[in-house]
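> The sequence shown maps to residues 1 to 354 in UniProt numbering.
Treat the hints with caution; some may be incorrect.
Unchecked claim - Capping the alpha-carbon separation at 27 Å, the derived lysine-lysine pairs in DSSO-like fashion look like this:
1) Lys80 <-> Lys202
2) Lys202 <-> Lys123
3) Lys202 <-> Lys282
4) Lys202 <-> Lys318
5) Lys282 <-> Lys123
6) Lys318 <-> Lys282
7) Lys282 <-> Lys52
What the hints assert, rightly or not - Quick list of simulated restraints, FRET-style, between CB atoms:
8) Leu247 <-> Val180: 33 to 41 Å
9) Leu250 <-> Gly154: 41 to 49 Å
10) Leu35 <-> Val293: 20 to 28 Å
11) Ser335 <-> Phe42: 24 to 32 Å
These are computed hints drawn from the structure, not numbers from a lab. All C-beta atoms, glycine included, are put in the ideal place defined by N, C-alpha and C.
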Amino acid sequence: SRSGGAPEENVLTITITETTVIESDLGVRSSRALLYLTLWFFFSFCTLFLNKYILSLLEGEPSVLGAVQMLSTTFIGCIKIFVPCCLYQHKTRLSYPPNFIMIMLFVGLMRFATVVLGLVSLKNVAVSFAETVKSSAPIFTVIMSRMILGEHTGLLVNLSLIPVMGGLALCTATEISFNVLGFSAALSTNIMDCLQNVFSKKLLSGDKYRFSAAAVAMLVPAWIFFMDLPVTGRSGKSFSYSQDVVLLLLMDGVLFHLQSVTAYALMGKISPVTFSVASTVKHALSIWLSIIVFGNRVTSLSAIGTVLVTAGVLLYNKAKQRQREAMQSLAVAASPTPEDEAEPLTPKDPRPHH
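Use the sequences and the hints to build the structure in full.
Encoded structure:
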């Protein structure tokens, strides 16, 4: 009956509107999204390899690196507030939402927890094992996108995530080391990072919340926490911060900030699930680039895993396209046609008039 079908039409309309806000029609294939994706990959790779080089010079102590990265992000962010540049445009506002400070505090605390948990996992497990744990990110992103954004992913989209995650797990299966504390920290980092990405996407979808001085202030406790700089490495030998090491740390901080900025810019153009899949591809490419740069041994599992990741991404893009086309077809079918609007409400009397 017509009365029974009305609620279904309302739910359908809400779903289509939310999906349009979450991701544009072109998604990651748009020119601007591709530019952000390329820059994000580039800065991420530079930061990753510079991190490894710096950690080897500092005998594997990551707390200094974390302190410099958070301090650099805070300092550069303060400059960009007064001198808009690098994907940031200043917007004057007459008023702020009543819960603005609490929302920014929540985002800052999530970022702080992600950095702390990431350093704990880095101290207790191998990097390859941490990358394996991160391969479960698309699953958590799908769940959180459904809960926070109301984004509904079809069965084909969910199935396409299996080869993506399985392929990345195979890429790092040859160097797995297990530690309860490290595993718990790595898994918590993964969940917290997914929650931060989805929640940030919800804020970026509107105009009420943008980067501001409050967001920068929330990072201050993080880098103060890390400023207890060690003077001894893991081997117990003391070392000094030479001019070369200081320059490398400053360069790493700038690259980390650019990586974060391009990641948020890309997040504003695509859905959280697409962003999570792109991050998984970045992890797989990082493994192969590390093999080329550092001369690590290539295994058959790594080759098979890379193929699975590539195939999974292609399947995901195809499934996402089919889901988008299906949603557009439902939207067209649900919208009234001009003929229906012009049709009179009362039918004409078919009996001839005398």
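> Give a verdict on every hint.
To see whether the hints hold, each was checked on the structure:
With a CA separation close to 23 Å, the supplied pair Lys80 and Lys202 stays within the 27 Å bound. Taken as a hint, the Lys202 and Lys123 pair is broken in the structure, with Cα atoms around 32 Å apart against an allowance of 27 Å. At most 27 Å may separate the alpha-carbon atoms for a hinted pair to count; Lys202 and Lys282 meet this at roughly 23 Å. Simply put, Lys202 and Lys318 have alpha-carbon atoms about 25 Å apart, close enough for the 27 Å limit, and the pair holds.
Distance check on the hinted pair: Lys282 and Lys123 sit about 22 Å apart at the alpha-carbon level, within 27 Å; holds. The hinted pair formed by Lys318 and Lys282 meets the criterion: a straight-line CA distance of about 19 Å does not exceed 27 Å. For the suggested pair Lys282 and Lys52, the alpha carbons sit about 16 Å apart, so the restraint of at most 27 Å is met. For Leu247 and Val180, the Cβ-Cβ distance of about 38 Å falls inside the hinted range of 33 to 41 Å, so the restraint holds.
Look at Leu250 against Gly154: about 46 Å separates their beta carbons, and that is inside 41 to 49 Å. Evaluation of the 20 to 28 Å hint for Leu35 and Val293 yields a pass: the beta carbon distance comes to about 25 Å. Separation of Ser335 from Phe42 is about 42 Å and departs from the stated range, judged on CB atoms against 24 to 32 Å.
Checked against the numbered hints given earlier, the structure breaks hints 2 and 11 and satisfies all the rest.
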